[in-house]
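Knowing the structure of chain A, use the given hints to seat chain B on it.
Listed below, chain by chain, are the residues.
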Amino acid sequence: MNPEHLLDLAEQEANPEAVGAPRQAVLRRAVSTGYYAVFHRLLWTTAESFVPARSSLWKSGVLFYRALDHGRTRERCKRLGSNPLGREEQALFGFASFSDDLRLFANYFVRLQELRHRCDYDPTLKISKPQARQAVEDAKKAVSIFNSALPDDRTLFISYLLFGIRSP
Amino acid sequence: MKMEALSAKVRDLVARNIPSVHVVRVSSDPIVDSTGDDSLGIRVVLDARPADQSSKYATVVDQLRTWLAEQEDQRFPYIDFITEQEEQELQQAE
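From first to last, the protein sequence lines stand for chains A and B.
Heads up: the first sequence begins at 1 in the working numbering, then just goes up one per residue.
Heads up: the second sequence begins at 1001 in the working numbering, then just goes up one per residue.
If a hint is listed, it holds; no wrong ones were tucked in.
Chain A is faced by these chain B residues, among others (derived, beta-carbon under 7 Å):
#1 Asp1033
#2 Ser1054
#3 Ala1058
#4 Val1061
#5 Asp1062
#6 Phe1076
No wet-lab data here; the hints were simulated from the structure.
Note that the structure is a prediction, hence the values are computed from the model and not measured.
Yeah, the Cβ is synthetic: ideal placement off N, Cα and C, and Gly gets one too.
The following block holds chain A by itself, in its conformation from the complex (with noise of 0.2 Å):
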C-alpha cells in the first residue's frame, strides 16, 4: 500500500466533487484513510530499515512490514511523543526528548489514531468538511515530517516501536 497514494485517495474523500453538504460517511472516510497513510507509511520505513532491497529477503521484508500493530504502535509513540521522555527511555537513549519533528511526529499518530477510532467506531459522531480536511492535512505533515527526519533517529524511534524496553 503506497502511503502518498493514500494521501492522494485521503484528500480527495476530504474534498468531494458533489454539489452540497458531503455526508459524513464520505468524510469519516477521508480521516481513516489519511491515518492508514501514515500507518503504512510506519510499515514501509519499517521493512527498509530492517530488510535489504533485495528480492530473495521479500518474505522477511513482508515480516517486518506486518510486525508493527495498532494499539502497540500508539502506546510507544504515546511515550516517545513525551518532553521529557520517562526515566527508563531517557536511561536507554541517553538523551532527554526526540527532535522536534519526531514528537510531532508521535502525537499526530496518537490524535490520528483516536480521531480515526471515533470514525470508524462512534456512530453519533459528526466531522465537519473544515475538521476531515484538518486530519486530512494533519497525516499529510505527519508523513513529510517522518520522511525527513535523520535516518538514525528514525531508526531508533521504529526500533522502540517494534521492541519497547523488555522489564529485566
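The following block gives chain B in isolation, referenced to the frame of chain A:
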C-alpha cells in the same frame, strides 16, 4: 490539575503559536480514550481556521504535553480545533 488552569494554558499556547486566530472558547474535560487510557478532551473554538497551520496546531499539543509533564500529569491531551461556524453547521448535519 484544575480544568480552568488547563484551559487558560491552552488559550495562552494558541495565542502564542497561532496569533492570527482569536480563541472564542476553550473547554476541557477528563476523558478515557479508545485505548482505555485516562486522557484530556479539549475543545478550542476559534473565530477562523487559517490554512496550512497543521504544524502550529501540532506544536500547541507538543508544548501542552511538556507543560502537563511539568505538572506531573501524563494524560494525553486530545485537542479538537473547531470554528464557531463549523459548530453551528455540525448541529444541522445529517
